Amino acid sequence: MLTFDNVYKSFGAVKALDGLEFVAHDGRITGLLGPNGAGKTTALRILFGLLNADRGRALIDATDPAREPLAARRRLGIVTDRVGLYPRLTTREHLAYFGRLHGMDTTAIADATQEIAALIGLDDIIDRRTAGFSQGQRMKVALARALLHRPGNLLLDEPGRGLDVTSTRALRTALLRLRDEGCCIVLASHVMQEVDLICDDVVVVARGRSVACGSSAELCARTGTHQLEDAFVALTGIEEGIAA
Amino acid sequence: MNRHWWIVLHKELRDALRDRRSLRTLALMTLLYPLLMWAALNNTIERKARSENEQIRIAVSGAAQAPQLLARLEQAGVTVDTVDASDEAALQQAVSAGRHAAIVRLPADFAARYAAQEPARLELWHDSVSARPAQLETVNAVLHAYGRETSAARLTSHGLSLVHLSPVLVERFDIATPATRAGRHIAVLFGIFLLAVFYFGMDIAIDSSAGERERRSLEILLAQPIRGVDLIVGKWLAAAVFCAAGLALEFIAGHFMLQTLPLENIGLAWQVDALDLTLLYFIALPLCLLAPALQIAIALNSRSFKEAQSSMMLVLVVALVPAFVPALELEPQAWWYRVPLLAEQTLLLDMARDGAVGTANAATAMGVALALAAACIAFAAHRLTSERYVINV
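One line per chain: the protein sequences are A and B, in this order.
In this text, residue positions in the first sequence follow our numbering: the first is 1, and each later residue adds one.
In this text, residue positions in the second sequence follow our numbering: the first is 1, and each later residue adds one.
Please keep in mind that the hints were generated in silico from the structure rather than gathered at the bench.
Residues of chain B clear of chain A, computed beta-carbon distances all greater than 12 Å: (1) LEU31; (2) SER166; (3) PRO322; (4) ALA323; (5) ASP354.
If the Cβ cut is set under 8 Å, some of the chain A residues that face chain B in the computed set are: (6) PHE11; (7) ARG45; (8) LEU50; (9) LEU51; (10) ILE78; (11) GLY84; (12) LEU85; (13) TYR86; (14) ARG88; (15) TYR97; (16) PHE98; (17) ARG100; (18) LEU101.
Note that this is a predicted model, so its numbers are computed, not measured.
Think of the CB as a built atom: it goes at the ideal place given N, C-alpha and C, for glycine as much as any other residue.
Construct all of the structure, not just a fragment, from the sequences and the given hints.
Here's what the structure looks like:
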């Protein structure tokens, strides 16, 4: 479970988060929707323990990343749009490196690698060096890297960017399975269709605040619209920043 | 060893050992300075051998006037061709033709003045740019010896002894042995070897810091359960391992090259054994910790490999300044032991001169290098965890 409890964060005169408040529950996929600059990345970095909130607090289960960043990060799996792979290492070596950073031993890493490879479909690239991987393959490695230590919470920042249809479907299937296993998944995105399709809850963020929470249908009902995109525009009060 | 250090070190080394660029730099820099040293010494040795074996050939114009002088020259092993160069233009042309080390011209009145016991003028024509100084020196010496003999003969004919011409007799004793002469020479060469510590680990230091930013892998790495300082230490140790390995190979290569050269031919000797070599290496080892620490602390602030490389050039320029102080042959000062690179070079010179290094001086040099390395690492770790840095990764 991930909790944002009235979190404020400013960079100089810029208010990145202005009282952000929402809860993402276990066994559910929570979509974090917001235009560019709404504060999504800042919110995630506060969860990673890389930035400290000025006021309020974020919690991962019951752990405060500001106080115990290492313990907090052990409970997290992270996939960002910056996939960032090492071109001279194979997929298996990537998984081993991050597994070891999470304190896993060799046997645990070998078992988890096999399991994740089956879940995401990595068999054809598991022993290949990542140089020259397609965007879809890179995303698969990033997802496997985030899941290897079996985190209770998974954060994804724009995971669908640059993926083809097959890869998008594979990602979606994997996320749904993880949700059914009880994982708390937060998906930050500004692709409406993606959020609409797989998210159980949607949190709309604008100007550093959560302006609405609820299921896609609830948001549409509240704004008197038929599509999430229209609801989003109505809630954020902006026309720009929507990529379909 | 901290478990995280080991994990990061292991990963970075594996990554770097697959990186052709890092390996190429390491191989090139390992051999570059020893090869340059070998080439320079070998050239000196060959030149010496050539000048010893080479015939000195000169031309004499107006030779018929001084048969004794010709005999003297031939006794000294100088081959003499007689020519007839009447004017200056012909002489200049003959000299620049380059067949002769020099041309001696006896003017038309030489024999007459010689017989009249007046100073008989004799011209020595040569080209100081292209001629070999050693050959010219030999010819010069023969001419002077001929002059001395003539004056001795004339004095004797007047009933005077040659002894009156040498009121003081100077004898020189040089206690320098080939080994001690070589010491200074070779300490300076090994001092230049030390500069390579800034190259050995450079690629891996940049790749593991600025490279992480360029690949956009740094944010994910920072979001793993590892402290920033442990991450930096692991990366630093990986670069330091490369650096230490490079320095060891460089020392060994230099050692073997010096052993294979016939240094005795140029009055030098290389009598350093494995133990001395190990001591030299041990003295220089803290530099292998300092150079990568400095490089990582700087490269971390660059967004790309290229940007980091230009910053590294600045480091190299600064490092070059102390490296060339020993070449100025100044009297060593106490503060030299507190300047990295200069300190290690001064210790090498001490060892060459005294056969040992002062413990206090060695401790100062190593302590300063280690303290600076620690400061660089602390700075890098602090940067990595600062919010201003994180929002820009």
